Amino acid sequence: MNEQRCDTVRDALPALARDRLDSARAAGVRRHLAGCADCRAELELVSALATSQPHAPDGLAERVSAGLAARGATTSPAAGPSSTTRPWRRRAPWLAVGLAAAAVIALVLAWPRGAERTPEPVVATAAADRATSPEPLALADPDEGHGPVAPDFGVGGAADWPGANGVVGGSVTLDDLSYEQMEALLKELES
Amino acid sequence: MTGTATQETTALLARARAGDAAARDALVRAHLDDVFAVALRILRDRDLAADAAQDAFVSALAALDGFRGESSFRTWLLRITANAARSVGRRTTRRREVALDAAQATPAAEPDPARGAVVATETERIEAALAELPEKQRLCVALRIQQDLPYAEVARVVGCSEGSARVNYHHGIRRLREMLG
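Here the protein sequences line up with chains A and B, keeping their order.
Numbered per the working numbering, the first sequence spans residues 1 to 191.
Numbered per the working numbering, the second sequence spans residues 1 to 181.
Read the hints as simulated data drawn from the structure, not as lab findings.
Everything numeric in this text was worked out from a predicted model, so none of it was measured.
Computed, partial: chain A to chain B, Cβ under 7 angstroms:
1. Pro14
2. Leu45
3. Ala50
4. Ser52
5. Gln53
6. Pro54
7. Val64
8. Leu174
9. Met182
10. Leu185
For each residue, glycine too, the CB sits at the ideal point set by N, CA and C.
Generate coordinates for the entire structure from the input sequences, incorporating the hints supplied.
Put into structure tokens, the structure is as follows:
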């Protein structure tokens, strides 16, 4: 008997493929797989994906390290005033402010006309690298809030489903959704 | 990430913050494959992905003081990588648009992993199918399975809600299964 639902099992397949499930959980998943061809097929795909990660080309590590060394990309030292590796921005804050302003102006001038502006901050360019800002450009700390977060619909288990609103009010698993319903759900989540 | 791996990363971060170049290089080696893979998922071009990987490390290591440790360093770095890759993509698109305007010529086609060459191995079939997915689905599938991230961290890297990460993952897997048969 497959006591676990397909959606619960499928969420566990990446961990199963890497042999990271605890024995009890793995046993339950395997019991389900023994009787579910669909989930077995998905495990086959997940296992193939897990072993097909692209690798960085030869020499890239050295190229990156050389680039960092050339930029003098050391970070602010943890030590106090006696450190000999102060970042330049602490020596000349006025210069840093000026470069920051120049970087912002350059960014505005380079902004593509008509291009879709994404809420994603852009990566620090070479100029902006040297500018000072309380927070480096674009290094959005993923721990920082980025405004309202779409509701987490969750899948299966003890997830709290939304109330009356939403395309999937009443639907229990993603497997039950058609492509159209899934697209609509994505639009709701991302609006 | 195991406890030991986390401790090692914490120690490397502390040394890198203090200006230790060897620690910095060790962080690059430890995370380069993940960074390159995420950049490749977004850009679908190995040369551009290499550029984006470099940009990502430059940005991340210049801003280590801003990493507060509330997420894993790897998640934080991969979020920066996603931003870097999109930035490289925008710059590349603008250069192509300028070239088109100037020359009124069709640009040389980028190697498209989804078409063209005969795919000989299962890995190549899978890579080609992944490249066909919309970016968000592609990223969610790759981050969940190949970078082995939980949904919450997938969401942080991609910049969406956890619910959206789940749905994009399942939608992507379903499409892949249809493409690969």
